[in-house]
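Chains as they are written, first to last, in the working numbering: chain A, 373 to 751; chain B, 373 to 751.
It should be emphasised that the hints constitute simulated quantities derived from the structure, not laboratory data.
Watch out, some of these pointers could steer you wrong.
Any copy will do: because identical chains look the same in the list, a pair fits if it lies in one copy or spans two.
Claimed, not checked - Quick list of in silico lysine-lysine cross-link-like pairs, PhoX-like style, CA-CA up to 25 Å: (1) 713 x 388; (2) 474 x 388; (3) 438 x 655; (4) 510 x 388.
Note that this is a predicted model, so its numbers are computed, not measured.
There are 2 protein chains.
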Amino acid sequence: MGLKNLDTPSLILDRKVLEANTRRMTSRLEDRGVRFRPHMKTAKSIDVARMAIAGNFGGVMVSTLKEAEYLADNGISDITYGVTVLPDKLPRIAALVKRGIKIGVILDQVAFAREISRQAVNLGIVLDVLIELDSGEKRAGVFAESPELLEIGRALAELPGTRLEGVLTHAGHSYQSRTIEDIRRVAEEERMVAVTAATRLRAIGLPVPVVSVGSTPTATHGVNFDGLTEVRCGVYMFGDVMQSEIHSCEPSDIALSVLATVIGHRPQFNTALIDAGALALSKDRSTAAPGLAEDIGFGMVMDMSCRQRIPGVTVGHVYQEHGLLVSEGPFPYHLLPVGSKVRVLPNHACMTAAMYDHYYVVAGDNDQHIVSWPRINGW
Amino acid sequence: MGLKNLDTPSLILDRKVLEANTRRMTSRLEDRGVRFRPHMKTAKSIDVARMAIAGNFGGVMVSTLKEAEYLADNGISDITYGVTVLPDKLPRIAALVKRGIKIGVILDQVAFAREISRQAVNLGIVLDVLIELDSGEKRAGVFAESPELLEIGRALAELPGTRLEGVLTHAGHSYQSRTIEDIRRVAEEERMVAVTAATRLRAIGLPVPVVSVGSTPTATHGVNFDGLTEVRCGVYMFGDVMQSEIHSCEPSDIALSVLATVIGHRPQFNTALIDAGALALSKDRSTAAPGLAEDIGFGMVMDMSCRQRIPGVTVGHVYQEHGLLVSEGPFPYHLLPVGSKVRVLPNHACMTAAMYDHYYVVAGDNDQHIVSWPRINGW
Chain A
373 MGLKNLDTPS LILDRKVLEA NTRRMTSRLE DRGVRFRPHM KTAKSIDVAR
423 MAIAGNFGGV MVSTLKEAEY LADNGISDIT YGVTVLPDKL PRIAALVKRG
473 IKIGVILDQV AFAREISRQA VNLGIVLDVL IELDSGEKRA GVFAESPELL
523 EIGRALAELP GTRLEGVLTH AGHSYQSRTI EDIRRVAEEE RMVAVTAATR
573 LRAIGLPVPV VSVGSTPTAT HGVNFDGLTE VRCGVYMFGD VMQSEIHSCE
623 PSDIALSVLA TVIGHRPQFN TALIDAGALA LSKDRSTAAP GLAEDIGFGM
673 VMDMSCRQRI PGVTVGHVYQ EHGLLVSEGP FPYHLLPVGS KVRVLPNHAC
723 MTAAMYDHYY VVAGDNDQHI VSWPRINGW
Chain B
373 MGLKNLDTPS LILDRKVLEA NTRRMTSRLE DRGVRFRPHM KTAKSIDVAR
423 MAIAGNFGGV MVSTLKEAEY LADNGISDIT YGVTVLPDKL PRIAALVKRG
473 IKIGVILDQV AFAREISRQA VNLGIVLDVL IELDSGEKRA GVFAESPELL
523 EIGRALAELP GTRLEGVLTH AGHSYQSRTI EDIRRVAEEE RMVAVTAATR
573 LRAIGLPVPV VSVGSTPTAT HGVNFDGLTE VRCGVYMFGD VMQSEIHSCE
623 PSDIALSVLA TVIGHRPQFN TALIDAGALA LSKDRSTAAP GLAEDIGFGM
673 VMDMSCRQRI PGVTVGHVYQ EHGLLVSEGP FPYHLLPVGS KVRVLPNHAC
723 MTAAMYDHYY VVAGDNDQHI VSWPRINGW
């Protein structure tokens, strides 16, 4: 069964590109002497996780407890949960800890530290906690120079039920970068914030075994990793058009695409339709951000081999199950006959992948042995 | 277990509002003498389907074959599949037909009619086909006045394996309306296109038992239903902020919301964080369309009872698992303490619901008997 026999829309993962992406990041960070903790928020798949941890120490990051539970069920035993831990979530976390899974959680408020401590004691666990730092994204975290940092550090070290494991930051604002030089500047900010916070905590006698940073752009282009113990990132595995436009990857490094069928021609309007719409592609419009090379609409339209772009054609609009292909010049209907298939590269791999419960994994164009890898969604 | 004990993010469905919405549309269309075929693309739930067909003839519309298979497995036996049927999909459709399910499919190209005929014969079925019409949306369909209409009609009537069931159109451009008068104008266009096409087909001796139209705005406000046999719509069940802004429903008719927890305050930036981001809310930005009353960002932020809006606060930005609450004036932190819960009304119910595999169904604020209804996703 080849690509042309798959039902559409389907989510396609190119195994060779995926392997090259995971190997490249693993080897880059190994060369720089930092542990690499791949983030599973994009892939949410044990098969991809195994590939990502190969050659690394085996730990992963997750964005939901469901990911943590799923990966733990499938043999991953060192997991950092990357969203401010709510006291309500402690019972699920304690269940994992009691199964022998090492779980790290993050927080940025002393009130939560106290609540977590109380709940952890009630549940009979000691929880490893990292203090989340704001390295310029302005989303979550405390500032490295703030009094709150030391207050939270002392609370975690002194309270029962918690153990201060270290500090962690994510320079999500690296996505606003437009050049590699920009990314390198953000990477150095991210590093400096983490190292400064660790130094301040150590200066008051607290142990800080983990100093963790990461985002795909900064992990890809960061130059200096001094003082860091760990790097994390996730979308590098698959890449996407946004990441290629901000120079985190080459267009040929994009491993994820949506297979769709051309279901209609409308020459009166210079358009065509595919059977991949808002649910198959997501409504992510990351490439519409200012300063990027090109706004690709709702996805970049490639031929079925995914080697050639269909010139001038973009997904200009999406309906729930229809994608409207538009063209600035005369529509190249001869390249896209009704019934033919295309591959659509996503704006943002995390959002597009989340619309599917499995990947079709292909090795090359004429792969007759396509396999299906499950993925999970939800919380 | 009440709302305050649910894990967040969760998808909440208000049973009373849902029941009122389904009863209102059923009774409106019954009064106008047309059959009502609820569209299950928004809800994708057998429990909601049963409520929607109550008082109607029992048929539904679906947007994916997975919906058709799921609903058939749960006792629905009359289903129209509302995306151009691809010949590749015939085996799955034939399996349903052979189980005794009445399946209607749509197409707008004579080449597909011939392919469908060939495949249907091979599979040993006779398939009911509706001709899709373009009533002004410019997405799919043939024009009512076009020669293609008659060509497709003749092909479907004459070829083996197909039966011409009628004509169908969806005035999706009603979503561009800004007043009830606009919607009524679109509804009349939608009706006229369907009736014109039916008249032309009948004039050449072809039977047209089904003349079907529908969209939530036109079904809600259409005045004249003469010549129509069937109306279809789906988002009316749940409503959403976009529908309320184009006057398809009142804000109090919105049955769907996302329950989220406030996970951080950032007074330095006049912001707060909730644990519902791009995956929990979707990236739909329908209310950003020109001419609408208000752009609500990624969702309208309500208190936990969903009765009061948090004044001045919107979801200004979404990250994968974080929503950034912003405020034009000073942020009302006293209304949203860290750890408190909010309900977020969606821009677009179809997109937000698609991020979840179940609903928590509540009857009133202090419901201690919240039940879970499964829903499906995918293709």
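Hint check results:
1. 713 x 388: Within. Shortest intra-copy distance 21 Å satisfies the 25 Å Cα cut-off; inter-copy 44 Å does not.
2. 474 x 388: Cα proximity of residue 474 and residue 388: none, with 31 Å in one copy and 44 Å across.
3. 438 x 655: both (24 Å within a copy, 21 Å between copies)
4. 510 x 388: Neither: 37 Å inside a copy, 40 Å across copies.
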